[in-house]
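Undergrad: Go ahead and model the full structure; you've got the sequences and the hints to work with.
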Amino acid sequence: WDDVTGVALGPVGGMPCLPTLAGGREDLIHDVLRREGWKRLVDKQLGFAQAMEAIPPGEALKRGLLDSLGFTRNRVGMEAVADRAPLVALEQAAAAGLAEARGMLLSIAGFLPLAPAHAMLADLTPADAAAAEQAGADLTRDWRLDQVEGGVWVLNRVRPANHPVRRLAAFADILRVAATDGLLGTMLAIPVDRPDAWRRWLLAASPRLGRSRADQIAVNV
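The numbering used here puts the first residue of the sequence shown at 261, with every later residue one more than the last.
Any given hint could be a false lead.
The following label-pair restraints were derived from C-beta to C-beta distances [what the hints assert, rightly or not]:
no. : residue 1 : residue 2 : range
1   : L288      : R404      : 50 to 58 Å
2   : D291      : D398      : 51 to 59 Å
3   : V479      : D291      : 17 to 25 Å
If you're looking for bench data, these hints aren't it; they were derived computationally from the structure.
Cβ coordinates follow ideal geometry from the N, Cα and C atoms, glycine included.
TA: In structure tokens, the structure reads:
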């Protein structure tokens, strides 16, 4: 519902919106969206190609995943985590256990000790939170990892599903599932000839991602 015009727009992202907003020019809107979509995809591909010339492919993949998990408001925060969390450290933590992966990420992000409300947003039990806090303290000390600055996160008016604590917990899930072959090796093994293979793998690895974000990652990373 548009509060300004008083027009019912239909579901966000659904077809009912298009006839209302396009004013009879649906084909034109489709052409613009298709053109801009291809442009964005090419820009993404170029960005990854340039990144892999400067840093190892696994690091580029890690940074791309964290960027996509940052949503619009917290991409800067996720970039700061990526800067401070070497993939080798994250993969070793994930190989040790899910608590270790969560703890390292949440400690670097500055969310530990974890507030009960934040634990609930990430579907973490008190025992999960306690294990992550202990592991995070130990790992960041052993690896001498820095925390991000306190004001980097935008938390006001962020939907629970997009909260950075939940997003970081989802990335910990992904790292844990990929622990055997490593993040890059696991992703390279996902079939590229099945359009839904990435989404299915991501949702199986971390249901807390949600289908919409899994689709965004599959398209953009």
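Undergrad: Now, for every hint given, state plainly whether the structure supports it.
TA: Hints and how they fare:
1. L288 x R404: 50 to 58 Å: holds, 56 Å
2. D291 x D398: 51 to 59 Å: The hinted range 51 to 59 Å holds for D291 and D398, with Cβ atoms some 55 Å apart.
3. V479 x D291: 17 to 25 Å: holds, 19 Å
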